[in-house]
Amino acid sequence: MHDLGPAAHEMTRLVTGVRDDQLSDPTPCPAYTLGDLLQHVRVLAEAFTVAARKEQPAAGSEPPPPGDASLLPADWRGEIGGWLDQLVDAWADPAAWSGTTWIAGFEAPAQAVGITATNELVTHGWDVARASGQQLTLDDAALAPSKEFVAMMSGPGSDQMRGDAFGPALPVPAGASLLDEVIAGNGRDPDWSAG
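Last residue of the sequence shown: 195 in full-length UniProt numbering, with the numbers rising by one and none dropped.
Since the hints were derived computationally from the structure, they do not count as laboratory data. We treat Cβ as the ideally placed atom computed from N, Cα and C, and that holds for glycine. There's no promise every hint is true.
To be verified - Computed Cβ-Cβ distance ranges for the label pairs, DEER-style:
1) P94 <-> D21: 41 to 49 Å
2) D89 <-> A144: 16 to 24 Å
3) A31 <-> S193: 30 to 38 Å
4) R53 <-> P171: 22 to 30 Å
5) L170 <-> Q135: 30 to 38 Å
6) A176 <-> L71: 19 to 27 Å
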């Protein structure tokens with residue numbers, strides 16, 4: 001069990017810092033504009049909250065649809081922040097980390113789902129920061145679950161697990177920061193910039 005609060009609160013800060021005129025800007029996710037990415041963050045915050053509560057949606061757990069900026073509500077900053085707060089509260093319950101739960105169309109160990117949720121917040125927080133000209137600020141303790149996630153996804157036979165969601169892990173130079181290691185492990189170029 002770990003605290004999703006630092007990564008979620010940093011995501012909220014970054015989302016709040018996005019200007020309306022940036023929603024059509026590119027992101028490190030080649031298929032997503034910044035608006036598409038923000039809508040994806042809103043959906044994943046809800047999905048991982050439901051997973052922490054061990055609730056299976058009435059229609060069943062399904063992989064999320066691609067992010068779509070046209071689906072952002074008028075108060076997207078407030079709504080995303082609200083779901084991120086619920087996410088933190090839900091994963092603060094020790095019961096969220098035990099047994100199994102449902103996410104993205106399958107049942108999985110709750111511990112792994114919680115680690116994945118943190119990695120989503122860290123990686124997409126970095127995406128939002130880079131795309132909007134902000135800086136992601138997390139200490140090594142907040143990045144530790146993402147490092148664990150990258151290790152899970154980088155072992156022998158992990159290509160199928162990476163699927164289309166993650167590019168191949170990229171090399172980083174000796175002495176790279178933990179954040180750069182995590183970002184490269186998620187298949188992103190730590191030197192990416194919008195311009």
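| said: Taking 30 to 38 Å as the stated bounds, is the beta-carbon spacing between A31 and S193 within them? | reply: violated (18 Å)
| P94 paired with D21, Cβ distance criterion 41 to 49 Å | holds (43 Å)
| said: Within 16 to 24 Å: is that where the Cβ-Cβ distance between D89 and A144 falls? | reply: holds (21 Å)
| query | Per the hint of 19 to 27 Å, is the separation of the Cβ atoms of A176 and L71 within bounds? | reply | Violated: the Cβ-Cβ distance is about 36 Å, outside 19 to 27 Å.
| said: Can you tell me whether the CB distance of L170 to Q135 sits inside 30 to 38 Å? | reply: violated (21 Å)
| message | Given the hint of 22 to 30 Å, is the C-beta distance from R53 to P171 inside that range or not? | response | violated (39 Å)
Hint check: violations occur at hints 3, 4, 5, 6; the rest are consistent with the structure.
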